[in-house]
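**Q** Position one of the sequence shown corresponds to residue 7 (our numbering), numbered consecutively onward.
Some clues are possibly wrong.
Listed next, with one range per pair, are the computed distances between beta-carbon atoms [to be verified]:
1. 42 <-> 21: 27 to 35 Å
2. 98 <-> 35: 16 to 24 Å
3. 59 <-> 21: 15 to 23 Å
4. 55 <-> 96: 25 to 33 Å
Hints in this document: simulated from the structure, not taken from any laboratory.
Don't be surprised by glycine CBs; every beta carbon is placed ideally from N, CA and C.
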Amino acid sequence: MPSTGSKAVATARFAQGQRVCVQAIGRAGQNPQYYFVTSVPASSVAACKAGSALCGTYGDRPIQHLQRDRSHACQPASAQCAQGWVSAKALDVFSNGL
């Protein structure tokens, strides 16, 4: 998580409702302050491959890439998907996704 006064810059902006995977939690005591998230393509979710109605309604959202390594496609395990620290206030967190 960027420290106060750091020169960290946003590389992407998620759209409202973007499906993400929480990979780490930055806490102050017991309270989550930030989540390190990675975008998750709907096509990589098993329930979406099975034709879940949720995926049709809440499928992929546009991601505004401000900086990007365009030489690689987003693959769930490749670290090429949009990722970074997001304020806990900006997320609705659900255990185990779908």
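**Q** Now, for every hint given, state plainly whether the structure supports it.
**A** Evaluation of the provided hints:
no., hint, verdict
1, 42 <-> 21: 27 to 35 Å, "19 Å, violated"
2, 98 <-> 35: 16 to 24 Å, "21 Å, holds"
3, 59 <-> 21: 15 to 23 Å, "20 Å, holds"
4, 55 <-> 96: 25 to 33 Å, "28 Å, holds"
Checked against the numbered hints given earlier, the structure breaks only hint 1 and satisfies all the rest.
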